[in-house]
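Using the sequences provided together with the hints, build the complete structure.
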Amino acid sequence: MKRLLVSGLLVILLAVASSTPMFSTGDSLVDPTLAFAGGNGNGGGNGGGSEDPAPPTCTGDSHVVVKLDPGTNVAAINSKYGTETVRQFPGVDIYVLRPAGGGTGASTIAGRMSKHKNVVWVEVGQLGGNNADADGFSAAVLDQFTQAALDQFTAAALDGFSTAALDQFTVATLDQFTAAVLDQFSLAALDGFSQAALDQFSQAILDQFSQAILDQFSQAALDQFSAAVLDQFTQAARDGFTAAALDQFSAAALGQFTVAMLDQFSAAVLDGFSAAVLDGFSAAILDQFTQAALDGFSVAALDQFSQAALDGFSAAVLDQFTQAVLDQFSTAILDQFTVAMLDGFSTAILDQFTVAVMDQFTQAALDGFSAAILDQFSTAILDQFTLAALDQFTLGVLDQFMAAVLDQFTFAYFHSLTVQALDAEFGATARSQSGLAAINAPQALLTSTGAGVVVAVIDSGISDHWYLNSQIAPGGYDFVDFDADPADETNGIDDDGDGMVDESFGHGTHVAGIVNLVAPDAMILPIRVQDSDGGGWSFIMAEAIQYAVDQGADVINLSLGVSCPSKVLEWAVDYAAFAGVTVVAAAGNTDSPNVHYPAAYYRTIAVAALEDTGVKASFSNYNAYVDISAPGVGVYSTFGEGQFAWWSGTSQATPMIAGAAALLLEINPTLYPAYVSDLLGMSAQDVDPLNPGYEGQLGYGMANLALAVAIVP
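Counted from 1, the sequence shown has number 349 at position 350 by numbering that gives the first Met the number 0; the numbering is strictly sequential.
Since the hints were derived computationally from the structure, they do not count as laboratory data.
Only a predicted model underlies this, so the values are computations on that prediction, with no experimental measurement involved.
Ideal Cβ placement from N, Cα and C applies to all residues, glycine included.
Take these hints with a grain of salt, some might be off.
Straight-line C-alpha distance at most 25 Å; calculated BS3-like pairs for lysine-lysine [stated by the list, open to error]: (1) Lys116 x Lys566; (2) Lys566 x Lys114; (3) Lys116 x Lys79; (4) Lys79 x Lys114.
Per label pair, the in silico range of CB-to-CB distance [as the list claims (entries may be wrong)]: (5) Thr103 x Gly451: 51 to 57 Å; (6) Asn72 x Gly102: 45 to 51 Å; (7) Pro592 x Asp685: 17 to 23 Å; (8) Asp480 x Thr612: 38 to 44 Å; (9) Asn77 x Ala436: 38 to 44 Å; (10) Tyr671 x Ala99: 45 to 51 Å; (11) Pro473 x Lys79: 40 to 46 Å; (12) Glu640 x Gln87: 28 to 34 Å; (13) Asp520 x Tyr671: 18 to 24 Å; (14) Gly451 x Lys79: 47 to 53 Å; (15) Tyr671 x Glu694: 28 to 34 Å.
Below is the structure:
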């Protein structure tokens with residue numbers, strides 16, 4: 000229990016404002032082993048008899064945890080009872096004390112202290128003991144995260160972002176992406192764009208542009224272009240544009256693309272607008288050529304568009320010709336460019352470029368994305384339009400041309416990447432995942448969506464995530480920092496020396512996302528009790544449970560737990576149950592029959608984890624007091640700020656059941672917790688035949704949400 004004094008003794012306090020002081024002695028102290036996905040118990044009394052399971056061995060009485068009435072002087076308490084303060088939580092008037100000497104044990108002190116008029120409750124226990132439990136998060140949850148999530152959300156996506164790649168996406172370039180798009184393309188994703196991909200991007204744009212133009216020009220028309228001109232154009236483009244232009248995918252690339260492009264052309268090339276060319280074009284040729292061009296560049300006109308003609312245009316005629324062509328191009332070809340190319344891009348690329356792909360931005364995936372773009376952009380343009388041809392246009396015309404292209408491209412392209420489109424894609428993709436299909440969640444949504452129900456997620460907090468923001472209820476609270484901002488936080492430091500940096504970060508966001516997938520119209524009340532490294536206190540969890548009840552929660556999700564019992568925590572669960580609030584808790588991830596809390600308490604719904612097939616997940620705890628099971632392997636949900644990830648654990652199975660409770664309560668808001676538990680149990684599918692050796696230890700089986708909502712009275 001090393002974390003007890005270092006990063007947090009996980010013993011939950013329930014600020015039950017009782018007129019009678021609460022006193023618990025012996026094994027039930029403050030236990031620092033609160034870990035994600037902890038707990039397995041009987042929940043609601045529907046699955047395993049009326050007795051609570053036997054607790055593990057948790058002996059000792061070295062410390063006292065006491066909750067005092069507001070304004071009580073703890074120094075006076077210490078003086079009166081011979082204790083000293085180890086840690087204080089002034090936001091909730093809770094103090095961890097220890098005997099200051101004299102031989103009086105903590106249990107004796109707590110017994111005396113319980114009679115004090117300003118003591119709300121007092122509990123004793125041993126600080127120290129099972130270090131494996133104290134590290135339960137890294138030993139159990141992190142192992143599952145490594146196997147299930149990091150295999151898909153790889154180091155290349157999380158850590159492999161080179162400075163060179165981000166340098167290509169400067170501030171001005173990013174400004175071209177709307178805030179909604181940037182929410183989806185995190186720094187992780189942007190950084191994953193390899194130098195190779197960026198180098199190809201210019202060619203990719205030209206290829207796509209080329210295909211749209213070629214759609215407008217017949218092969219016969221293209222054949223009229225001089226081979227010498229085409230050869231010169233092709234070589235110049237490959238030498239001058241690809242190598243230089245999109246090495247600078249920078250501020251100018253989208254905001255001032257014309258200038259950026261022209262900057263790539265050497266002075267010598269621009270000087271190629273020689274006086275001989277400018278002074279040469281005849282009005283007769285121009286009239287004939289311009290009319291033919293505006294009519295669609297017929298073969299007859301192109302027959303006269305010879306190399307000799309190119310050598311003959313005057314400056315005035317050229318200006319007139321280029322303006323006329325640009326005007327025609329803007330209205331005719333750009334219309335086709337926007338519709339034909341961008342619609343094709345949307346269906347061919349964006350339909351494949353789903354949120355599921357975003358969440359797996361390994362280097363290989365990004366390179367594949369680059370290849371997919373290149374497949375859409377043919378190389379034909381490089382064979383037809385190079386610097387030699389561009390050399391015939393004035394700077395002003397190029398400015399207008401590029402502005403026209405960018406105006407059309409930016410609007411049409413980025414419009415198809417809005418949050419609304421991605422939102423719909425994520426919902427469809429995530430709700431069709433096999434875990435939700437296994438519990439018939441999509442079918443249940445035809446009857447209920449959880450509207451009007453509040454689900455409190457007591458966890459590591461919830462990040463600012465575009466997919467969840469609209470469903471976050473007001474009134475959340477942070478019991479780590481004791482403020483009204485329950486955001487999932489990280490400091491990027493290995494605070495406890497376990498080799499893990501902020502291993503809890505993202506857990507609460509992932510859990511909340513699963514609640515939303517099951518019950519999309521339920522509101523989520525975020526309450527933070529875990530710090531960024533997984534530390535917490537069981538009595539703070541108890542405080543959070545009471546807070547959730549007082550804030551109007553209908554369901555409480557607890558994807559965490561402790562290995563030793565605590566009367567304060569149990570009283571918190573009872574407080575919720577007697578208020579009509581359904582408490583759903585995880586069974587734990589140690590592949591053990593050992594009881595964790597609060598899932599072990601009688602008035603919770605304890606959840607074990609299964610494979611999607613109904614076979615027990617290898618990590619899941621089990622025993623006769625588990626109420627129900629749900630899929631908990633490789634569940635896809637929200638993660639971090641605007642990201643998505645796969646994660647495994649009873650932590651992931653539990654919010655499926657919390658979401659299910661929300662569906663039932665929308666249909667009948669008067670259901671008591673025990674009735675909610677009964678309905679889920681009666682509708683569950685038996686998985687005992689699939690789990691020899693675990694018969695009767697996985698609750699009533701796999702939840703069946705479609706049947707559950709159908710039998711609500």
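Consistency of the hints with the structure:
no. : hint                        : in the structure
1   : Lys116 x Lys566             : holds, 20 Å
2   : Lys566 x Lys114             : holds, 17 Å
3   : Lys116 x Lys79              : holds, 13 Å
4   : Lys79 x Lys114              : holds, 12 Å
5   : Thr103 x Gly451: 51 to 57 Å : holds, 53 Å
6   : Asn72 x Gly102: 45 to 51 Å  : violated, 25 Å
7   : Pro592 x Asp685: 17 to 23 Å : holds, 20 Å
8   : Asp480 x Thr612: 38 to 44 Å : holds, 42 Å
9   : Asn77 x Ala436: 38 to 44 Å  : violated, 58 Å
10  : Tyr671 x Ala99: 45 to 51 Å  : holds, 46 Å
11  : Pro473 x Lys79: 40 to 46 Å  : holds, 41 Å
12  : Glu640 x Gln87: 28 to 34 Å  : holds, 32 Å
13  : Asp520 x Tyr671: 18 to 24 Å : holds, 22 Å
14  : Gly451 x Lys79: 47 to 53 Å  : holds, 49 Å
15  : Tyr671 x Glu694: 28 to 34 Å : holds, 29 Å
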